[in-house]
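Undergrad: Sequence:
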Amino acid sequence: MTGAFRRNREAREAHRHAQEEADARESAEVAKEAAAEARESAENFALRLVNQFERLREERQEQLAAPEPVTAPASVSRTHVPYGVELAAQWGWRFLVIVAAGYLIVRALGFLSIVVIPVVIALLIAALVSPVVNGLGRIGLKRSVSALFVVIGVLVAVIAMLSFAGTQVANGFNDLAGQTVKALDEIRDWLINGPFHASETQIDTWLNTVQTTVEDWAAAYASNPFSRVSEVGGVALDVFAGLFIVLFSTYFFCAEGERIWGWLVRLAPRAARSRMDSSGRVAWVSLTQFTRATVIVAAVDAVGIMIIAAALRVPFVVAIGVLVFLSSFVPLVGATVAGAVAVLVALVSQGPVTALLMLGGVILVQQLEAHGLQPFLLGRWVRVHPLGVILAVATGIVLGGVAGALVAVPLVAALNAVANHLTAVPATTPDTTAPPTSPPPPIPASGPTSPPPPSPGAGGA
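Counting along the sequence shown from 1, when you hit position 213 you're at 213 in UniProt numbering, and nothing is skipped either side.
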């Protein structure tokens, strides 16, 4: 029994070893077949890759060998245009679009000048008197009542100033006419007996030419009196309409400027409201500071020239002061023209010596103002370069005449302030503007040291 059991166990052991050897041989065959398949796949992939590279190289050689077509403009691709030319072209057409849009805007504003100019003047007046309106509001008056008082006060002051100056001119006109004739006779004698040694025949010829020109102009003006009357009536109507627009616009800018500005801000896309609101506030501050500085400079010019004229016994002292004050609102040009008028009045009334003294006084006052007061005020508050002022005034005169020269510099000052503000503020400023149902914040009335408080009223225009 024991021998049979041992033989069975040995047989099972031998069978198990034989089975393991068979399994090992089968696994080796499978691994060998897998390795052969992998080697064949790698060889096929390498062959395909080599063939692809060969085909691409042949196509490239064919493209290089073929001549470039030059007959059609569309065959020139962007790669053949230098980067500088392409960049200049992109900037160029955008610049042309901006210029065309600006030209159309200027033409539209010129067509509506009877409305635009009074509104701009009202905006300047509102920027000047807004601190007074705010001061009256702090003592308990409603803003609408404060604005009404300020507008009436400004109107009364302007009428009184012009009336006083006009009365002085009317009272001394006859004396000035006689002095003008006397001065012309003195100039005639000086031309004959002076260094020019002009003959009486030449002087008479010049005078006859001037007289003929004046008579021809008067005859042409009187040839069609009805058209002239209609022209004068049209001008008078435009003046009264402009005055009406100035008064009412000034009142509403002072009384409801917060609501008007809030309505304008809500017209912009929501993503741009914050930057538009901050830019408008910066422009308003710059405009307020410009008008304040301009009034101070104009007052100093007027008082200085009035003192010199009174010391030299030149007539129409108040009228000269009013003319200098109003003309000084046109920078660089207005004060010069008004000073020339003062010198001419001194020449006619007191003679060449007084005129030379008056000229020296005018130059002295203007130099002190130009090199002392004006750089201190305008340079500190407005920060516009003198070259920019000259170019702005010249452009304003070309586009809009006297009115264009009046608004050119404050417009440039506001644009300069807005440009500096936008370049300093990040483009990702979050929108902090209140929703349309909430009130807009007020427009600041003075310098940058007075941040706008939240508006207590309900807004919407």
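Some clues are possibly wrong.
Claimed, not checked - Derived DEER-like restraints, expressed as beta-carbon distance ranges:
hint, residue 1, residue 2, range
1, ARG94, ILE114, 49 to 55 angstroms
2, VAL398, ILE152, 32 to 38 angstroms
3, ALA419, ILE114, 56 to 62 angstroms
4, LEU49, GLU13, 51 to 57 angstroms
5, ALA311, ALA170, 20 to 26 angstroms
6, GLU231, GLN367, 56 to 62 angstroms
7, GLN202, VAL398, 33 to 39 angstroms
8, GLY234, ASP204, 21 to 27 angstroms
9, ASN171, VAL106, 30 to 36 angstroms
10, ASP204, ILE152, 53 to 59 angstroms
11, LEU141, GLN367, 19 to 25 angstroms
12, ILE114, GLU200, 34 to 40 angstroms
13, PHE95, GLN211, 49 to 55 angstroms
Note that these hints are calculated values from the structure, not bench results. By construction, the Cβ of each residue, glycine as well, lies at the ideal position given by its N, Cα and C atoms.
Undergrad: If you check the beta carbons of LEU141 and GLN367, does the distance land in 19 to 25 angstroms?
TA: violated, 43 angstroms
Undergrad: For the hint 20 to 26 angstroms, verify it against the beta carbon of ALA311 and that of ALA170.
TA: The hinted range 20 to 26 angstroms holds for ALA311 and ALA170, with Cβ atoms some 24 angstroms apart.
Undergrad: Does the Cβ pair ARG94, ILE114 satisfy 49 to 55 angstroms?
TA: At roughly 33 angstroms between Cβ atoms, ILE114 and ARG94 fall outside 49 to 55 angstroms, so the hint is violated.
Undergrad: Determine whether the Cβ-Cβ distance between GLU231 and GLN367 falls within the hinted range of 56 to 62 angstroms.
TA: Because 41 angstroms falls outside the window, the suggested range is violated.
Undergrad: Check the following: the C-beta atoms of ILE114 and GLU200 are separated by a distance inside 34 to 40 angstroms.
TA: Violated - the Cβ-Cβ distance for ILE114 and GLU200, about 51 angstroms, lies outside 34 to 40 angstroms.
Undergrad: Does the beta carbon distance between ASN171 and VAL106 stay inside 30 to 36 angstroms, or does it fall outside?
TA: About 44 angstroms separates the Cβ atoms of ASN171 and VAL106, which means 30 to 36 angstroms is violated.
Undergrad: Cβ-Cβ distance between ALA419 and ILE114: within 56 to 62 angstroms?
TA: Given range 56 to 62 angstroms: violated, Cβ gap about 30 angstroms.
Undergrad: Starting from the range 33 to 39 angstroms, see whether the pair GLN202 and VAL398 falls in it by beta-carbon distance.
TA: Holds, since GLN202 and VAL398 (Cβ atoms, about 38 angstroms apart) stay within the stated range.
Undergrad: Go ahead and decide if the range 49 to 55 angstroms is satisfied by the Cβ distance of PHE95 to GLN211.
TA: holds, 53 angstroms
Undergrad: Would you say the C-beta atoms of GLY234 and ASP204 sit inside 21 to 27 angstroms of each other?
TA: Once the Cβ atoms are compared, 40 angstroms apart, the range 21 to 27 angstroms for ASP204 and GLY234 is violated.
Undergrad: Against the range 53 to 59 angstroms, how does the distance between the Cβ atoms of ASP204 and ILE152 compare: consistent or not?
TA: This hint holds: roughly 56 angstroms between Cβ atoms.
Undergrad: At the C-beta level, are LEU49 and GLU13 separated by a distance inside 51 to 57 angstroms?
TA: 54 angstroms Cβ-Cβ, so the 51 to 57 angstroms window holds.
The earlier numbered hints that this structure contradicts are 1, 3, 6, 8, 9, 11 and 12.
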